[in-house]
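*Asks:* Spelled out, the chains give:
There are 2 protein chains.
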Amino acid sequence: MNEIQIFSPATVANISCGFDVLGCCLEGIGDVMTVRKTGDKGIKITRIIGEDLPLETEKNVAGVAGLALLEKLTIKPDCGFEIEIDKRIKPGSGIGSSAASAAGAVYAINALLAYPFDNFELIDFARAGEKLACGSPISDNVAPALLGGFTLVKSADPLKVLKLPTLKDLYVIILHPQIEIKTSDARDILPKHFPLTEAVKQWANVGSLVHALHTGDYELFAASLHDYIVEPYRSKLIPGFFEVQRTALEHGALGSGISGSGPSIFAFCQGIEKANRVKQAIDLVYKNKQIPYQLYLSEINTDGIKVLNSK
Amino acid sequence: MNEIQIFSPATVANISCGFDVLGCCLEGIGDVMTVRKTGDKGIKITRIIGEDLPLETEKNVAGVAGLALLEKLTIKPDCGFEIEIDKRIKPGSGIGSSAASAAGAVYAINALLAYPFDNFELIDFARAGEKLACGSPISDNVAPALLGGFTLVKSADPLKVLKLPTLKDLYVIILHPQIEIKTSDARDILPKHFPLTEAVKQWANVGSLVHALHTGDYELFAASLHDYIVEPYRSKLIPGFFEVQRTALEHGALGSGISGSGPSIFAFCQGIEKANRVKQAIDLVYKNKQIPYQLYLSEINTDGIKVLNSK
Numbered sequence: 001m002n003e004i005q006i007f008s009p010a011t012v013a014n015i016s017c018g019f020d021v022l023g024c025c026l027e028g029i030g031d032v033m034t035v036r037k038t039g040d041k042g043i044k045i046t047r048i049i050g051e052d053l054p055l056e057t058e059k060n061v062a063g064v065a066g067l068a069l070l071e072k073l074t075i076k077p078d079c080g081f082e083i084e085i086d087k088r089i090k091p092g093s094g095i096g097s098s099a100a101s102a103a104g105a106v107y108a109i110n111a112l113l114a115y116p117f118d119n120f121e122l123i124d125f126a127r128a129g130e131k132l133a134c135g136s137p138i139s140d141n142v143a144p145a146l147l148g149g150f151t152l153v154k155s156a157d158p159l160k161v162l163k164l165p166t167l168k169d170l171y172v173i174i175l176h177p178q179i180e181i182k183t184s185d186a187r188d189i190l191p192k193h194f195p196l197t198e199a200v201k202q203w204a205n206v207g208s209l210v211h212a213l214h215t216g217d218y219e220l221f222a223a224s225l226h227d228y229i230v231e232p233y234r235s236k237l238i239p240g241f242f243e244v245q246r247t248a249l250e251h252g253a254l255g256s257g258i259s260g261s262g263p264s265i266f267a268f269c270q271g272i273e274k275a276n277r278v279k280q281a282i283d284l285v286y287k288n289k290q291i292p293y294q295l296y297l298s299e300i301n302t303d304g305i306k307v308l309n310s311k
Numbered sequence: 001m002n003e004i005q006i007f008s009p010a011t012v013a014n015i016s017c018g019f020d021v022l023g024c025c026l027e028g029i030g031d032v033m034t035v036r037k038t039g040d041k042g043i044k045i046t047r048i049i050g051e052d053l054p055l056e057t058e059k060n061v062a063g064v065a066g067l068a069l070l071e072k073l074t075i076k077p078d079c080g081f082e083i084e085i086d087k088r089i090k091p092g093s094g095i096g097s098s099a100a101s102a103a104g105a106v107y108a109i110n111a112l113l114a115y116p117f118d119n120f121e122l123i124d125f126a127r128a129g130e131k132l133a134c135g136s137p138i139s140d141n142v143a144p145a146l147l148g149g150f151t152l153v154k155s156a157d158p159l160k161v162l163k164l165p166t167l168k169d170l171y172v173i174i175l176h177p178q179i180e181i182k183t184s185d186a187r188d189i190l191p192k193h194f195p196l197t198e199a200v201k202q203w204a205n206v207g208s209l210v211h212a213l214h215t216g217d218y219e220l221f222a223a224s225l226h227d228y229i230v231e232p233y234r235s236k237l238i239p240g241f242f243e244v245q246r247t248a249l250e251h252g253a254l255g256s257g258i259s260g261s262g263p264s265i266f267a268f269c270q271g272i273e274k275a276n277r278v279k280q281a282i283d284l285v286y287k288n289k290q291i292p293y294q295l296y297l298s299e300i301n302t303d304g305i306k307v308l309n310s311k
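Which chain is which? The protein sequence lines are A and B, in order. Taking our numbering, the leading residue of the first sequence gets 1, the next gets one more, and so forth. Taking our numbering, the leading residue of the second sequence gets 1, the next gets one more, and so forth.
Here chain A stands alone, though its shape is the one from the complex (with noise of 0.2 Å):
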């Protein structure tokens, strides 16, 4: 094979109760990405198309992700590698932008050495391209981009990344609103220390949660959806972000919270109906705003990277 192309797909990481560990992947969203071998030795990024984003591999997510990937391969390829990216997820969305290109790369490029390392080896190198784009080498996104479905980051160092199970017949309402929030102020709005009784109170619910996948107790489910430590601060960042969740949740949705960092705000919904129902209330509140937005319906895409081509 010298040539693949995929489809990286957005995902949605701090899924309420789970902040900095549980994440889900979206389907329909996402990035395009070629990677092709060349005879060049190392990474380039040849084109993006849809953003303005930096060309030079060590300022590029997906060039560094790709260059972590081949300092860790013990035989060295004949080859290099080139990446064209159609970037369709906007940076700063909150629905894993830079995990689509990290992700995506870090994929490509291990298919095409015919795959020397597995998914979850993946996330480690993928984790690289996150630490250039918001100086953590953070995972919650990556992970369900590479693996599908629902993760949970069970340890940051050493890495330990869980594939969970997946509700059926689960659907996401993801509502960006195009306004910019920096990953910096999203971090210094929240206190550095917590209420011990509030923990207890999330972590009973990240317990649940996955209890609700594994039972697939969708009743469950919505009712550990829950953020007592995360949301409470960054909603102030995100415009009409109550009034968001409480027409999701008035309209059937089984929870609703920020998406990543924000601004992007997440709904779950059982059944295809009802979460067509929920996209069009959410829709009526948003476009009295004056604040432009995108509002997507995905369905969880439980095998994360899709090959579109390869030859």
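Quick caveat, the hints were computed from the structure, so don't treat them as lab data. Some clues are possibly wrong.
Pairs involving identical chains hold if they fit within one copy or between any two copies, as the list cannot separate such chains.
Claimed, not checked - Result set (DSSO-like, lysine-lysine): computed pairs, CA atoms no more than 27 Å apart in a straight line: (1) K201 <-> K131; (2) K201 <-> K236; (3) K201 <-> K163; (4) K168 <-> K236; (5) K160 <-> K201; (6) K59 <-> K236; (7) K287 <-> K44.
For chain A, the structure is supplied; the task is to place chain B on it using the hints.
*Replies:* What follows is chain B alone, placed relative to chain A:
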């Protein structure tokens, strides 16, 4: 049925990462309670063997729990109940002494009334006994006593408890150093606030532990048995805590921590041979200290309370 004799088991709460939410049920360590119908209405504690505890119904956890059950009956029974307790779990040991009495009382009375409530509903009555014992209606001991195996208290209000799966061939060693730790001291030693970074590790571990129980993954179970929040503080109240914990881990225990609010220390082991080795090693450590202690080895009790006799 006019009389029932039950075994009401000891339990481990606050399992490492699962402070205030996770508990499990022990085999072979527990109180024996006899409850019979009487002509007089209400509840009478007629006899307590082994410990000096109040016989007055309203001052006894079994009495208070039983009254909470009777309160919720829509059709009041035309009889009362007398309770005898052979108290074999030492109060203040940290393995659910008050919980065993409270859970046992409601289990037995419910049985004598031909089961108007299920065991999940009984938790709510039993925790009324816990409120008397420690000032707060905690469920993390009464839940595993009533449900068996591992339990997770999803929320206290509304009360929602989950029964989790159990790992096969899992054993628990309990070291009970016979010193007194006042519940108030165990509470006061904890800070009211904790760093977010540590809380994130804690809920990652709670989620991982639940996943490990569902997937039968001993290695992940072991890797999840860490307590970044409470153990660093409460361990100071237990002489030799870290020596015991280190010894357990060095001899192959999956994990070790403080049972309840102490002073008991638990260690989980896979397989009876390893469990015996760990028990012996802990024995060697503690027999040189000038502190009387008891040492138990127990399977996980998947049934909870057991009926010994009825007539």
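*Asks:* Quick one: K201 to K236, C-alpha cut-off 27 Å, is that within a copy, between copies, both, or neither?
*Replies:* both (22 Å within a copy, 25 Å between copies)
*Asks:* Go through the copies and call it for K160 and K201: within, between, both or neither, with a Cα cutoff of 27 Å.
*Replies:* Result: close both inside a copy and across copies, 24 Å intra and 12 Å inter.
*Asks:* Treating 27 Å as the Cα threshold, decide for K201 and K163: within, between, both or neither.
*Replies:* both (23 Å within a copy, 17 Å between copies)
*Asks:* How do K201 and K131 come out at 27 Å by Cα distance, when the copy is not named: within, between, both, or neither?
*Replies:* Between copies only: 19 Å across, 30 Å inside.
*Asks:* How would you label the pair K168, K236 (within, between, both, or neither) given a Cα cut-off of 27 Å?
*Replies:* Neither. Shortest intra-copy (33 Å) and inter-copy (47 Å) distances fail the 27 Å Cα cut-off.
*Asks:* When Cα atoms must be at most 27 Å apart, do K59 and K236 count as within-copy, between-copy, both, or neither?
*Replies:* Cα proximity of K59 and K236: none, with 31 Å in one copy and 48 Å across.
*Asks:* 27 Å Cα cut-off: does K287 pair with K44 within a copy, between copies, both or neither?
*Replies:* Result: close neither inside a copy nor across copies, 41 Å intra and 66 Å inter.
Checked against the numbered hints listed earlier, the structure breaks hints 4, 6, 7; every other hint is satisfied.
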